[in-house]
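Construct the entire structure; sequences and hints are all you get.
Protein chains in written order, with my numbering: chain A, 166 to 359; chain B, 166 to 359.
Think of the hints as simulated: they come from the structure by calculation, not from any bench.
Please note: incorrect hints may appear among the correct ones.
One copy or two, it doesn't matter: identical chains are merged, so the pair holds either way.
As the list claims (entries may be wrong) - Quick list of in silico lysine-lysine cross-link-like pairs, PhoX-like style, CA-CA up to 25 Å:
id	residue 1	residue 2
1	K340	K194
2	K243	K351
3	K351	K219
4	K224	K194
5	K200	K219
6	K351	K340
7	K316	K351
8	K252	K318
9	K219	K316
10	K194	K219
11	K340	K243
2 protein chains.
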Amino acid sequence: MSNKPYHHGNLRNLLIEAGIELINQEGIKQFSLRKVAAICGVSHAAPYSHFQSKEELLKAMQDYVTERFMEVLENAIKSCPDQKEQKVLVEMGKNYVMFFINNPQYFPFLFSQSSIEVNLSLNSDGRSNFPPFELLKTIAFRVLGEAGMPKEKMQDTIIALWATVHGLASIATMKNVHYDKDWEAKIEDIIWNK
Amino acid sequence: MSNKPYHHGNLRNLLIEAGIELINQEGIKQFSLRKVAAICGVSHAAPYSHFQSKEELLKAMQDYVTERFMEVLENAIKSCPDQKEQKVLVEMGKNYVMFFINNPQYFPFLFSQSSIEVNLSLNSDGRSNFPPFELLKTIAFRVLGEAGMPKEKMQDTIIALWATVHGLASIATMKNVHYDKDWEAKIEDIIWNK
DNA sequence: TTATAATCTTTACAGTGTCAAGATGTTGGG
DNA sequence: CCCAACATCTTGACACTGTAAAGATTATAA
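Structure, rendered in structure tokens:
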């Protein structure tokens with residue numbers, strides 16, 4: 166195992182962070198391996214010591230962003246210590262959307278090429294490789310169950326909830342969105358009124 | 166004006182159709198100008214007689230796909246001649262999602278680079294450059310108005326409706342979606358229960 | 001210390017978007 | 001009918017991309 170500096174410091178992590186920085190500044194369209202290498206001050210082939218291909222670096226970057234996304238969702242859960250009914254779901258939804266409003270480039274970056282596998286079934290043997298959705302499923306399953314919702318309706322409800330916040334995030338991160346009110350409050354209303 | 170064959174037939178339209186075919190087969194990631202030119206049997210620089218850049222060809226292809234999308238939405242409206250209450254909205258939503266389930270590559274193609282401008286206000290001076298959303302807004306505005314919904318609530322409701330179907334389309338077109346029931350019926354339920 | 005392995009550089013190659021110059025066909029005015 | 005203007009297409013070139021191979025450099029372990 167080697168996660169420590171060899172020659173040039175911990176180039177692997179540097180590439181990931183510089184890559185994400187590049188995505189934030191220029192968008193996924195302008196991203197290139199050679200640019201990231203140049204930013205890190207190494208030759209254009211150096212990344213191949215840590216990643217087998219451009220896709221592998223992108224995958225590592227996506228995992229990193231997904232971890233930040235998870236933290237934001239977990240913050241929503243922590244902010245509801247009592248976890249009154251569906252309040253925690255609304256908070257999660259709000260944070261879901263706000264994460265992408267605060268980092269608009271992340272939405273197409275995470276979801277456009279989309280190696281994300283989706284499993285909508287609620288039993289534990291059906292897992293998605295996208296942890297945020299698994300978290301949302303788990304919390305929603307518990308909250309809705311405690312609220313007395315029959316298992317039949319739960320799957321549809323959870324899909325609808327996910328679709329709504331996911332769609333809001335997608336729409337809110339398009340170009341030139343004109344909206345006359347405060348997003349954060351508005352999103353909360355929309356999720357509540359579902 | 167010249168929409169007729171000059172040298173090589175109507176290369177402009179050929180490029181658009183071949184480009185969309187390529188997107189369908191290999192996805193947006195594998196798309197290249199030179200491939201499309203080769204498919205059409207012309208030299209690699211020939212497209213520059215009809216499009217100023219690769220982006221312009223992609224834009225024309227998006228417009229073409231958007232027209233097909235509009236036809237599908239308009240079919241939903243025509244299929245509800247009585248237009249009973251919200252039935253037409255459910256049909257539109259169902260067709261919205263099914264269009265992308267039937268053509269999974271179209272979703273990232275239309276929405277990833279996303280030159281789409283969004284205007285969520287309901288007065289006519291706020292227009293999106295994405296006709297499907299304008300159509301959905303118009304129909305929803307009329308239907309919900311007839312149902313007696315106050316204008317205050319309409320904006321949120323329409324956004325929520327759009328976000329839900331848009332999110333469903335996004336989720337349904339990810340890789341390896343496992344779902345244990347029939348999409349078409351399920352989508353209808355989800356939209357109804359909103 | 002020395003051999004082995006990990007890391008990085010250099011060089012090379014095919015594929016990409018785009019531009020400039022020229023070739024080829026089309027059209028309209030004399 | 002002819003020729004000039006024009007639209008269309010080809011050829012060649014350039015910079016940039018991802019990636020592979022070979023070699024150089026440095027760390028690790030025996």
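Handout entry: Status of K219 relative to K351 across identical chains (alpha carbons, at most 25 Å)
Key = neither (39 Å within a copy, 38 Å between copies)
Exercise for the section: Can you give me the call for K340 and K243, within, between, both or neither, at a CA distance of at most 25 Å? Expected result: neither (32 Å within a copy, 31 Å between copies)
Exercise for the section: Tell me, please, which holds for K194 and K219 at an alpha-carbon limit of 25 Å: within, between, both or neither? Expected result: For K194 and K219, the Cα distance is within 25 Å both inside one copy (13 Å) and across copies (13 Å).
Practice task
Have a look at K340 and K194 and pick one of within, between, both or neither, based on CA distance no larger than 25 Å.
Solution key: Close inside one copy (15 Å) and across copies (21 Å); limit 25 Å.
Handout entry: Intra- versus inter-copy proximity for K351 and K316 (alpha-carbon distance at most 25 Å)
Key = between (30 Å within a copy, 15 Å between copies)
Problem - Homo-oligomer pair classification [K340, K351; C-alpha up to 25 Å] - result: within (19 Å within a copy, 31 Å between copies)
Problem - Homomeric proximity label, K243 with K351: Cα distance no greater than 25 Å - result: within (22 Å within a copy, 33 Å between copies)
Exercise for the section: Classify it for me, K219 with K316: is the Cα-Cα distance of at most 25 Å met within a copy, between copies, both or neither? Expected result: Classified as neither; 43 Å inside a copy, 50 Å across copies.
Exercise for the section: Can you give me the call for K252 and K318, within, between, both or neither, at a CA distance of at most 25 Å? Expected result: both (19 Å within a copy, 21 Å between copies)
Practice task
Indicate which option fits the pair K200, K219 if close means a Cα-Cα distance not exceeding 25 Å: within, between, both or neither.
Solution key: both (12 Å within a copy, 21 Å between copies)
Handout entry: K224 and K194: within-copy, between-copy, both or neither at 25 Å Cα
Key = both (16 Å within a copy, 15 Å between copies)
Checked against the numbered hints above, the structure violates hints 3, 9 and 11; every other hint is satisfied.
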